[in-house]
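There are 2 protein chains.
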Amino acid sequence: MAQGTLFIISAPSGAGKSSLIQALLKTQPLYDTQVSISHTTRGARPGENHGEHYYFVNHDEFRTMINDNAFLEHAEVFGNYYGTSRKEIEQVLSTGVDVFLDIDWQGAKQIREKMPAARSIFVLPPSKDELNRRLRGRGQDSEEVITKRMAQAVAEMSHYAEYDYLIVNDDFDLALSDLRNIIRAERLRMARQKARHGALITKLLAD
Amino acid sequence: MAQGTLFIISAPSGAGKSSLIQALLKTQPLYDTQVSISHTTRGARPGENHGEHYYFVNHDEFRTMINDNAFLEHAEVFGNYYGTSRKEIEQVLSTGVDVFLDIDWQGAKQIREKMPAARSIFVLPPSKDELNRRLRGRGQDSEEVITKRMAQAVAEMSHYAEYDYLIVNDDFDLALSDLRNIIRAERLRMARQKARHGALITKLLAD
Chain A
1 MAQGTLFIIS APSGAGKSSL IQALLKTQPL YDTQVSISHT TRGARPGENH
51 GEHYYFVNHD EFRTMINDNA FLEHAEVFGN YYGTSRKEIE QVLSTGVDVF
101 LDIDWQGAKQ IREKMPAARS IFVLPPSKDE LNRRLRGRGQ DSEEVITKRM
151 AQAVAEMSHY AEYDYLIVND DFDLALSDLR NIIRAERLRM ARQKARHGAL
201 ITKLLAD
Chain B
1 MAQGTLFIIS APSGAGKSSL IQALLKTQPL YDTQVSISHT TRGARPGENH
51 GEHYYFVNHD EFRTMINDNA FLEHAEVFGN YYGTSRKEIE QVLSTGVDVF
101 LDIDWQGAKQ IREKMPAARS IFVLPPSKDE LNRRLRGRGQ DSEEVITKRM
151 AQAVAEMSHY AEYDYLIVND DFDLALSDLR NIIRAERLRM ARQKARHGAL
201 ITKLLAD
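Top line first, the protein sequences correspond to chains A and B.
Residue numbers for the first sequence follow full-length UniProt numbering, beginning at 1 and rising by one.
Residue numbers for the second sequence follow full-length UniProt numbering, beginning at 1 and rising by one.
Calculated from the structure, these hints are not laboratory results.
One thing to keep in mind: the hints can contain errors.
Since the list can't tell identical chains apart, any single copy or any two copies may satisfy a pair.
[Claimed, not checked] Listed below are the simulated DSS-like cross-link pairs for lysine-lysine, each with C-alpha atoms no more than 30 Å apart in a straight line:
no., residue 1, residue 2
1, K203, K26
2, K109, K194
3, K194, K114
4, K203, K87
5, K87, K148
6, K114, K203
7, K114, K128
8, K26, K148
9, K87, K128
10, K128, K148
11, K26, K109
12, K194, K87
13, K87, K26
14, K109, K128
15, K148, K203
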C-alpha cells in the first residue's frame, strides 16, 4: 500500500482557503482525500460533533497528550488548546488516503520539522483591494478591527515563501483545479508510484 | 519573467512515449511548451528540416561544440553523433517556455548532473504482455531481433527509479492527463510562482 501524502494548506483569512478545501472534499471520496480533525479543549458549539469537527477533550487529557509527544503541532488560542494528533494523521496516511491540514504558518513550520514528507501549499488573494473587500465582509466591523485583521493577513502572508506550492485564488474554479493538479502530480511522484505499481515493475524487469 | 522548466522524458520503446509527447504538443501552444531539437551529424532524411527536426551539422562542427562544452549531453549511435545544445535549451527556458527532452536514461543522467532543476518523467507500459505485443509490431521481425529489443527495453526500464515521476501508460488519455498534471503542478511550485507573481506579492505585503 502506497502511503498517502499530508498536505498543509495555509492562507491569510480572505484568500478563500476554506471554500477551496470544502469544494475539493465535495468531489473527492473519503477513501481518497480527508481533512485532518484537530483535538481541542474548547467546548463543542451547537451542531459540532466529536470525531467529526473536532475531538473534544479536557485540559488534563490535552496536557497528557502534550507530555506523550502525541501532537505534530499544538497552539493556545484565547485560553483554549488546539492540536494535531500524530497518530490520527499517520493512521489515515497509512491507508493510502491523502490528508489536508488547514493550519497557520506557525503550525505548518512545526509539522514540516516533524514530517518532512508533507507538502505545503500557500493560497494568496488576487489583489490587495480584493483582500480588503473580503476582510471588510458585510461592513459591520469597526475600522480598528479591520486594520487589525489586515495586519494579521500581512503577517501570515509574509511566510508564503516557506511553502512548496503557491496558488493565487483569482478565478475560483482555476484555483480549485490547481489544487487538484498538485494532489495528482504528488501521486505520480516516484516513491508513491513505486509502492503502488510494485508488482507491475517486478514483472516488467524480470527476464 | 519566470524561467521555464526542462522536462526529461524517458521510456523503453513500446511504452508510447512519442505518442504522448506528440499529443501533448498538439494542444499546447509553442509559447507554452516546446520539444528540444537535437544536433546530429547524420544526414537529413526526406521530409526532415534543419532547425525543425534536427540541427544537421558535420563531424567537425560537432567536435568543436563538444570541445566548447556546448552540449548538455551527447552520444554516438552507429557512427553518428547526437547532442543537446545547452544554449539552445537555456534560450527557450529563459522565455518562460517549458521544454521537453525525449532521451534515454544515459542522456537523462548527464542532463540531471548539469541542470539539477530539470524534472524527469519515466513512462512504463501497462504489462509485460502489452510491451511484448508492441515490440513485435507488425510481426515482420525475427525472434532474434525481438529478443534483443526486449532486452534493451528491460535495460532502459531498470533505471526508472532515477526519475522524479512515473507514469504508467495503460489508458492513453489518462496518461496524457497525468503528463499535463505534472507540467501544471511544476508551474505552481514556489520558485516559479514567486517570479511570476512578484508584483502582486510585493503589493500584498506592503503596509
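Hint check:
no. : hint          : in the structure
1   : K203 <-> K26  : neither (37 Å within a copy, 33 Å between copies)
2   : K109 <-> K194 : both (28 Å within a copy, 19 Å between copies)
3   : K194 <-> K114 : both (24 Å within a copy, 26 Å between copies)
4   : K203 <-> K87  : neither (35 Å within a copy, 40 Å between copies)
5   : K87 <-> K148  : neither (36 Å within a copy, 51 Å between copies)
6   : K114 <-> K203 : neither (36 Å within a copy, 33 Å between copies)
7   : K114 <-> K128 : neither (34 Å within a copy, 40 Å between copies)
8   : K26 <-> K148  : neither (33 Å within a copy, 50 Å between copies)
9   : K87 <-> K128  : neither (39 Å within a copy, 39 Å between copies)
10  : K128 <-> K148 : within (15 Å within a copy, 62 Å between copies)
11  : K26 <-> K109  : within (28 Å within a copy, 42 Å between copies)
12  : K194 <-> K87  : within (25 Å within a copy, 34 Å between copies)
13  : K87 <-> K26   : within (25 Å within a copy, 47 Å between copies)
14  : K109 <-> K128 : within (25 Å within a copy, 44 Å between copies)
15  : K148 <-> K203 : between (61 Å within a copy, 18 Å between copies)
Comparing the model with each earlier hint shows violations of hints 1, 4, 5, 6, 7, 8, 9; every other hint is respected.
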